Amino acid sequence: MTDNPFETGNDAPADPWASTSTDTIPRPQEAPPVAVKSDNEISVTLKQHGGFDSPWIVVRGPSAAQVKELLRDLYAEDLVDAVAQTAVKFADSKPAGASVPAPRQGGGGYQRTGGGGQQASTPPPGASQPSCDHGPMEFKTGVSKKGNSYKVWSCTSPDRDNQCKGIFVK
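Residue numbers for the sequence shown follow the numbering used here, beginning at 1 and rising by one.
Bear in mind the hints are in silico, worked out from the structure with no lab data behind them.
Straight-line distance between alpha carbons at most 27 Å, and here's what the computed DSS-like set of lysine-lysine pairs gives: (1) Lys140 / Lys165; (2) Lys151 / Lys165; (3) Lys146 / Lys170; (4) Lys151 / Lys170; (5) Lys170 / Lys140; (6) Lys165 / Lys145; (7) Lys151 / Lys140; (8) Lys170 / Lys145; (9) Lys47 / Lys89; (10) Lys68 / Lys47; (11) Lys165 / Lys146.
Have a look at the derived ranges for each label pair, beta carbon to beta carbon: (12) Phe90 / Ser43: 18 to 28 Å; (13) Gly135 / Arg60: 52 to 62 Å; (14) Thr45 / Val88: 15 to 25 Å; (15) Pro62 / Gly147: 43 to 53 Å; (16) Tyr75 / Lys145: 43 to 53 Å; (17) Glu77 / Phe52: 20 to 30 Å; (18) Ala31 / Val83: 38 to 48 Å; (19) Ser128 / Asp81: 47 to 57 Å; (20) Pro136 / Phe90: 37 to 47 Å; (21) Val58 / Ser128: 53 to 63 Å; (22) Leu46 / Ser128: 47 to 57 Å; (23) Leu70 / Phe90: 17 to 27 Å.
Model, not experiment: these values are computed from the prediction. Where is the CB? At the ideal position from N, CA and C, for every residue including glycine.
Hey, can you work out the whole structure from these sequences and the hints?
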């Protein structure tokens, strides 16, 4: 006698995956809709000028149309003027004796680290001011494109092609 598990009428165990139960499984209830903030918002930043002390206005919205409408509202309610006036009043309210930052030269937010920078300076002590064909020369210090510092008396002619040769100081 052989035991064939695939024969019918065999005493083989019942299929564990076969469903003979008449119990019904309750279906999960649908969850109510949840408001999810989209990461795809549009942002517009308005800056009054290029300085660090410039006031900013940031407008955000879920669509370009809504941001455009908010921008119209800003101007309709004179908010832009109010922010500018508030920035001036705030700057004027600094404590007595506080240092005033030097005005920024240039723009773009990048600091120039070298190369071609010339700055009018006070001449070294005891140095006499030389003259050229165009009048008294100006003392300048700076850093070359290669990163070397220099001191030079330079011609003050506005025409660069007509300037006299500079006198370098050691």
